[in-house]
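Asks: Please build the complex by placing chain Y on the supplied structure of chain Z, with the hints as guidance.
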Amino acid sequence: DIVMTQTPLSSPVTLGQPASISCRSSQSLVHSDGNTYLSWLQQRPGQPPRLLIYKISNRFSGVPDRFSGSGAGTDFTLKISRVEAEDVGVYYCMQATQFPVTFGGGTKVEIK
Amino acid sequence: EVQLVESGGGLVQPGGSLRLSCATSGFTFSSYWMSWVRQAPGKGLEWVANIKEDGSEKYYVDSVKGRFTISRDNAMNSLYLQMNSVRAEDTALYYCARGRRDYWGQGTLVTVSS
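Chains as they are written, first to last, in the working numbering: chain Z, 1179 to 1290; chain Y, 9 to 122.
Bound conformation, chain Y alone:
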């Protein structure tokens, strides 16, 4: 069974940092692109970042470029999102998703507030 479990969310002050993790199981992690997608409270879905199977290519939505970094550890079957210089508008439920977003985790909530 494919499973994705996000962690690392919480309350962070504007300008602060947070590192999200996504632990996966039930599939060959190193064979898939992976994504982060977020959803602000009561809003729709926004793609955040993608990373290629071997980590050699990374893509970001403009609003997080230079502040967020997506990475992965294929030996640990894990995906990460390093969030720096966070802003109030980064407040959202952050989901990790496999490949072309065929499986999703339950999400981890990030709240940016002073």
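The following block holds chain Z by itself, in its conformation from the complex:
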């Protein structure tokens, strides 16, 4: 199984400041079809997960442009350019290149 490792576990951020979350996979996420199925999800308190980014860097419908994804192979990053109060929650990376689908352990973003 592909293991997804996220850092940091927690990220206290000042409103309006940037935040960055890293995700590393135990093996390359490049699929045989050439795509890299690495996604980022946000889970606000008491809410279901919400897709933010798919295939490394594509923002899903309705996602603000302060969220961006980057990376390749085994190393990926989610950045929030200016954190807003509504961004508080837990963020997960997820790989769907290979079954079983696996998730990172989550990074909690909170306001300082």
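No lab work stands behind these hints, which were simulated from the structure alone. Being a predicted model, the structure only gives us computed values, none of them experimental. Please note that a few of the clues may not be correct.
Stated by the list, open to error - BS3-like cross-link-like pairs, simulated, lysine-lysine; straight-line CA separation at most 25 Å:
1) Z:Lys1233 to Z:Lys1290
2) Z:Lys1233 to Z:Lys1257
3) Z:Lys1257 to Z:Lys1286
4) Z:Lys1233 to Y:Lys73
5) Y:Lys51 to Z:Lys1290
6) Z:Lys1286 to Y:Lys51
7) Y:Lys51 to Z:Lys1257
8) Y:Lys73 to Y:Lys51
9) Y:Lys60 to Y:Lys73
10) Y:Lys60 to Z:Lys1233
11) Z:Lys1257 to Z:Lys1290
Replies: Chain Y alone, transformed into the frame defined by chain Z:
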């Protein structure tokens, strides 16, 4: 508007059975893979199972193989998860999700306890 609504959760004894349902609307259900993902209380996300558009392919996480069965009814736009021989470690909020997990339901809580 895409909607996924799970139901069927509840309290079940170890070794018992439960059938979860996910009613969908707002998209062409028969054109999408579908997933079940669970989240134990206070824990992270764990993928459980996937099913192809026509039901011809199914995949499961090792911990539920032989005990859970994912199925779908494209005429009813519904997804199901039959849970047999449940264990305490199956206690979780169970979400259904569309395709590559782009839309999620609110979840249904399964509690396994005597």
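Asks: Now, for every hint given, state plainly whether the structure supports it.
Replies: Against the structure, the hints:
1. About 31 Å separates the Cα atoms of Z:Lys1233 and Z:Lys1290, which puts this hinted pair outside 25 Å; it is violated.
2. Between the alpha carbons of Z:Lys1233 and Z:Lys1257 the distance comes to roughly 15 Å, so the proposed pair stays at or under 25 Å and holds.
3. Between the alpha carbons of Z:Lys1257 and Z:Lys1286 the distance comes to roughly 14 Å, so the proposed pair stays at or under 25 Å and holds.
4. Proximity of Z:Lys1233 to Y:Lys73 is assessed by CA-CA distance (about 28 Å); at most 25 Å being required, the pair is judged violated.
5. Note on Y:Lys51 and Z:Lys1290: the hinted pairing holds, with a Cα-Cα distance of about 23 Å set against a maximum of 25 Å.
6. As the CA atoms of Z:Lys1286 and Y:Lys51 are separated by approximately 12 Å, the hinted pair is consistent with the 25 Å bound.
7. Under the criterion of a C-alpha separation no larger than 25 Å, the hint pairing Y:Lys51 with Z:Lys1257 is consistent with the structure, at around 23 Å.
8. A hinted pair counts as satisfied when its Cα atoms are at most 25 Å apart, and Y:Lys73 with Y:Lys51 qualifies at roughly 21 Å.
9. At most 25 Å may separate the alpha-carbon atoms for a hinted pair to count; Y:Lys60 and Y:Lys73 meet this at roughly 17 Å.
10. Restraint check: the Cα-Cα separation between Y:Lys60 and Z:Lys1233 comes to about 20 Å, which is no more than 25 Å; the hinted pair holds.
11. With a C-alpha separation of about 17 Å, the suggested pairing of Z:Lys1257 with Z:Lys1290 holds against the 25 Å cut-off.
Of the numbered hints given earlier, the model fails hints 1, 4; all others are met.
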